[in-house]
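Engineer: Okay, here's what each chain looks like letter by letter:
Number of protein chains: 2
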Amino acid sequence: MAVNHEPTLSKQTIYDGKIFNVELHEVELPDGNASKREVVKHPGAVAVVGMTDDGKIPLVRQFRKATEEFLLEIPAGKREAGEEAISTAVRELKEETGYTAGHLEEIAQLYTSPGFANELISIYIASDLQVGVPQTEADEFLTVEEWTLEEIRAGLNKQSFRDAKTAFAVQTLLARANS
Amino acid sequence: MAVNHEPTLSKQTIYDGKIFNVELHEVELPDGNASKREVVKHPGAVAVVGMTDDGKIPLVRQFRKATEEFLLEIPAGKREAGEEAISTAVRELKEETGYTAGHLEEIAQLYTSPGFANELISIYIASDLQVGVPQTEADEFLTVEEWTLEEIRAGLNKQSFRDAKTAFAVQTLLARANS
Chain A
1 MAVNHEPTLS
11 KQTIYDGKIF
21 NVELHEVELP
31 DGNASKREVV
41 KHPGAVAVVG
51 MTDDGKIPLV
61 RQFRKATEEF
71 LLEIPAGKRE
81 AGEEAISTAV
91 RELKEETGYT
101 AGHLEEIAQL
111 YTSPGFANEL
121 ISIYIASDLQ
131 VGVPQTEADE
141 FLTVEEWTLE
151 EIRAGLNKQS
161 FRDAKTAFAV
171 QTLLARANS
Chain B
1 MAVNHEPTLS
11 KQTIYDGKIF
21 NVELHEVELP
31 DGNASKREVV
41 KHPGAVAVVG
51 MTDDGKIPLV
61 RQFRKATEEF
71 LLEIPAGKRE
81 AGEEAISTAV
91 RELKEETGYT
101 AGHLEEIAQL
111 YTSPGFANEL
121 ISIYIASDLQ
131 VGVPQTEADE
141 FLTVEEWTLE
151 EIRAGLNKQS
161 FRDAKTAFAV
171 QTLLARANS
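Chains A and B, in that order, are what the protein sequence lines are.
Reading the first sequence from the start, the letters are residues 1 to 179 in our numbering.
Reading the second sequence from the start, the letters are residues 1 to 179 in our numbering.
It is worth saying that the hints were derived from the structure and are not from the lab.
A portion of the hints provided could be inaccurate.
If several chains are the same, the list does not tell them apart, and a pair holds so long as it fits within one copy or across any two.
As the list claims (entries may be wrong) - Simulated pairs of lysine to aspartate or glutamate, EDC-like, Cα-Cα distance not exceeding 20 Å:
| no. | residue 1 | residue 2 |
| --- | --- | --- |
| 1 | LYS36 | ASP16 |
| 2 | LYS158 | GLU95 |
| 3 | LYS41 | GLU23 |
| 4 | LYS41 | ASP31 |
| 5 | LYS41 | GLU137 |
| 6 | LYS11 | GLU84 |
| 7 | LYS41 | ASP16 |
| 8 | LYS56 | GLU68 |
Construct all of the structure, not just a fragment, from the sequences and the given hints.
Structural biologist: Here it is in structure tokens:
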């Protein structure tokens with residue numbers, strides 16, 4: 001499976017943005033024909049699901065312009081240039097919820113939209129959480145909620161989680177709690 | 001939570017593509033300041049996790065140009081204009097794996113990358129699968145694999161699933177099998 005089935009014949013950068021770039025690739029298909037592929041290039045992201053010693057999972061509720069609605073998500077953020085994923089995890093958890101994690105374990109690296117974007121998100125489970133003060137960025141407006149595992153189980157059944165990384169992460173937490 | 005915290009003051013379409021468009025919005029933040037939001041507009045997608053009567057889950061392995069690697073995914077595809085999500089589910093399952101589903105149940109509607117894209121993916125569990133012949137599109141090159149639940153459980157532990165919708169869907173299937 002090491003063969004690249006769609007080598008790029010030529011490409012152009014359509015958009016050079018702040019969060020992502022857009023590239024248009026002309027590729028060669030396995031049958032020899034040419035085709036176009038539109039690709040969103042993203043630096044990658046990190047998300048953290050944690051549980052406090054008294055069984056609370058910190059979640060953030062924020063308005064997402066792309067979706068035009070408020071979403072309930074685990075703390076997450078974009079990777080900065082040169083930043084290790086685990087450092088982003090520590091930073092975003094602290095900034096968005098105030099918590100500092102004594103232990104972080106990577107449970108998955110997932111492509112969020114492989115049909116058109118290269119965004120890869122590293123998902124961590126955090127434990128040994130210490131309370132602190134959130135330090136959100138100037139253009140971030142969010143509220144922190146703390147849910148129990150039981151509330152999360154009910155929320156999954158009611159489709160309360162509309163963010164893919166969050167649905168996956170809380171489901172993993174539940175599966176571990178049950179095993 | 002009905003208040004829109006980031007009303008659009010002005011917007012421009014940066015890119016009008018085949019799979020997605022890109023819009024740049026100038027928005028008003030809750031504190032009154034202006035900010036920019038880059039948004040990928042996508043028509044939405046559908047994905048289907050199914051299990052045959054003899055306990056096999058059809059998966060497709062395909063090269064994804066955006067990620068430059070082969071990914072193992074549940075059958076999925078973009079929604080066509082005016083097409084109901086469940087019709088897309090029936091169509092994509094048939095096209096990519098050949099299976100026809102006697103029953104489809106929506107388990108989630110998830111935003112794949114709410115930080116920058118409006119792609120919403122409807123995920124279905126399919127049952128009563130009938131074997132048929134795949135009918136892939138001209139620029140799709142994929143191979144179908146059939147995994148058992150045990151193989152999927154092991155795969156999740158080994159991080160074999162690098163596609164977010166797939167990781168969520170197979171995890172849901174496992175959770176149901178265990179309950």
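Engineer: Run every hint past the structure and note whether it holds.
Structural biologist: Hints, one by one, checked against the model:
Proximity of LYS36 to ASP16 under the C-alpha cut-off of 20 Å is found in both arrangements, the shortest distances being 19 Å within a copy and 14 Å between copies. For a Cα distance limit of 20 Å, the shortest separation of LYS158 from GLU95 qualifies neither inside one copy, at 29 Å, nor across copies, at 30 Å. Taking the shortest alpha-carbon separations for LYS41 and GLU23, both the intra-copy value of 7 Å and the inter-copy value of 15 Å come in at or below 20 Å. Neither within a single protomer nor between protomers do LYS41 and ASP31 lie at most 20 Å apart by alpha-carbon distance, with minima of 26 Å and 30 Å respectively.
For the homomeric pair LYS41 and GLU137, neither the shortest alpha-carbon distance inside one copy (23 Å) nor that between copies (25 Å) is at most 20 Å. Proximity of LYS11 to GLU84 under the C-alpha cut-off of 20 Å is found in neither arrangement, the shortest distances being 29 Å within a copy and 34 Å between copies. In this assembly of identical chains, the alpha carbons of LYS41 and ASP16 lie at most 20 Å apart whether taken from the same copy (10 Å) or from different copies (16 Å). For a Cα distance limit of 20 Å, the shortest separation of LYS56 from GLU68 qualifies neither inside one copy, at 28 Å, nor across copies, at 38 Å.
When held up to the earlier numbered hints, the structure conflicts with 2, 4, 5, 6 and 8 and fits the remainder.
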